[in-house]
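Q: Okay, here's what each chain looks like letter by letter:
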Amino acid sequence: MHPQRDSTPICAFNSAAKIRQKSGSYQASRWIRRGVAILALCIAGTNFMSTASAQVPALLQPTNPETHIGKIVFVELVTPDLNIAKRFYSSLFGWSFQTTQINNSDYAQATMNGYPVAGLIQKTIPDNELRQSAWLTFISVANVDAARSIALQHGAKILVEPRDVPNRGRQAVFADPQGAVFAVLASTSGDPADGLSEPGEWIWSSLISSDPDNAASFYQAIFDYEIFETNPVPGQEHLIMASTKYARASVNSLPTIAPNRHSHWINFVRVSDAVAMAARVVSLGGRVLVEPRIDRQGGKVAIVTDPGGAPFGLLEWPDGEQQEVAK
Amino acid sequence: MKTSSIRPILLPLIIFIAGVLCSGCVAPGYGYGYGGYAVDYYEPYGGIYGEWGPGYNVGPYRDGRGRQGPYSGGHAYRSAPASHPMPSIPMGGGHGGGNRH
Chain A
1 MHPQRDSTPI CAFNSAAKIR QKSGSYQASR WIRRGVAILA LCIAGTNFMS TASAQVPALL
61 QPTNPETHIG KIVFVELVTP DLNIAKRFYS SLFGWSFQTT QINNSDYAQA TMNGYPVAGL
121 IQKTIPDNEL RQSAWLTFIS VANVDAARSI ALQHGAKILV EPRDVPNRGR QAVFADPQGA
181 VFAVLASTSG DPADGLSEPG EWIWSSLISS DPDNAASFYQ AIFDYEIFET NPVPGQEHLI
241 MASTKYARAS VNSLPTIAPN RHSHWINFVR VSDAVAMAAR VVSLGGRVLV EPRIDRQGGK
301 VAIVTDPGGA PFGLLEWPDG EQQEVAK
Chain B
1 MKTSSIRPIL LPLIIFIAGV LCSGCVAPGY GYGYGGYAVD YYEPYGGIYG EWGPGYNVGP
61 YRDGRGRQGP YSGGHAYRSA PASHPMPSIP MGGGHGGGNR H
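Protein chains in written order, with my numbering: chain A, 1 to 327; chain B, 1 to 101.
By construction, these hints were calculated from the structure, which means they are not laboratory data. Glycine residues also receive a C-beta, built at the ideal position from the N, C-alpha and C atoms. Among the hints, erroneous ones may be present.
[Said to hold, decoys possible] Derived DEER-like restraints, expressed as beta-carbon distance ranges:
id, chain 1, residue 1, chain 2, residue 2, range
1, A, Ser272, B, Gly74, 34 to 44 Å
2, A, Ala276, B, Ala82, 36 to 46 Å
3, A, Gly179, B, Gly53, 20 to 30 Å
[Unchecked claim] Among the chain B residues that face chain A by a calculated CB cut under 8 Å, a handful are:
id, residue
4, Tyr49
5, Tyr61
6, Ala76
7, Ser83
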């Protein structure tokens, strides 16, 4: 019976086809498994690289158990040209740099005598944005989220919500009620110990505010500062904010002579000769905004910018505690 | 379609899809490429510095001098107790890093 005879090859063919189908299914599933594995590896690798590259250096190495609430513990510069900024600050103050990648951006950690002094971040300013480079002031807090609540209650705006930065700690960026921008940081490696800064290191900070009285109240609410009045000048208010027995920053009235002024923080680097350093700033491509001038008790101060336009101060300070700066 | 015929394109296709997906994993939602470290900050343009008149001082004091007040009332802040002298910046040799102010 042909049909029966013929059925055998047909069945054989079907069996072979089933085997091939099974083999094909097996091959396909094997490729799919490989694909999934590759995909998983790729995602895992990317996440690992993303996490690894997002780690900025710790504030302190080795760590310090001290915490100094209200102390300016770090500063960070967002600059349109990182290489120019690095050359400038290296030539001016002798800072050394270690550059790492934070995702797609370069982050340079500046050190002085082996200790971190600043972080510099590259960011291009879009053509349609009128913005200027600036140093961001980080003030120590014990609890960033509590600081956020107090800041909001007292009229601040949140520019960057509290977030954990691997290796650094928890931080947030606010604008105070008068618009001055600052950051708070709860460092996981502790705060720098209190001591006299060396030339080339940050030594002082000032808040230039459109409303010093209310600004002092705002920062007092967050950092529990003691507020000290200084010599009154008609139409101006000069205050000193202190914590744990040390002066941390001044609060000054914003000069009202020119328009377009906004409240801001400005940080000062200790120098031995403000006049010479201001001239050096110009020779390196920066500008002088406030010529060196006698400040309290005889020391000179100046306000300058780096080539990217970021303002900062120069402040003379004597070595000895009892030594007066020559007038 | 036989498996053998799709095999040459399957692996590149998977790698391509993986690459597209992975590119979307970088810095999700942060915009500027700083990832989780988005301190992306510039001052508003147009700020003018200077015009500091006579007596416009910004620096710290030394030796406990310079204290005025406390003035009674009229301030939003609380003045430090009258018994507290004007503080200086840290003057000792503590060496906890470059940000010692």
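Q: Are the hints correct? Go through all of them and say.
A: Hint check:
| no. | hint | result |
| --- | --- | --- |
| 1 | Ser272(A) with Gly74(B): 34 to 44 Å | holds (41 Å) |
| 2 | Ala276(A) with Ala82(B): 36 to 46 Å | holds (41 Å) |
| 3 | Gly179(A) with Gly53(B): 20 to 30 Å | holds (22 Å) |
| 4 | Tyr49 | holds (4 Å) |
| 5 | Tyr61 | holds (6 Å) |
| 6 | Ala76 | holds (4 Å) |
| 7 | Ser83 | violated (11 Å) |
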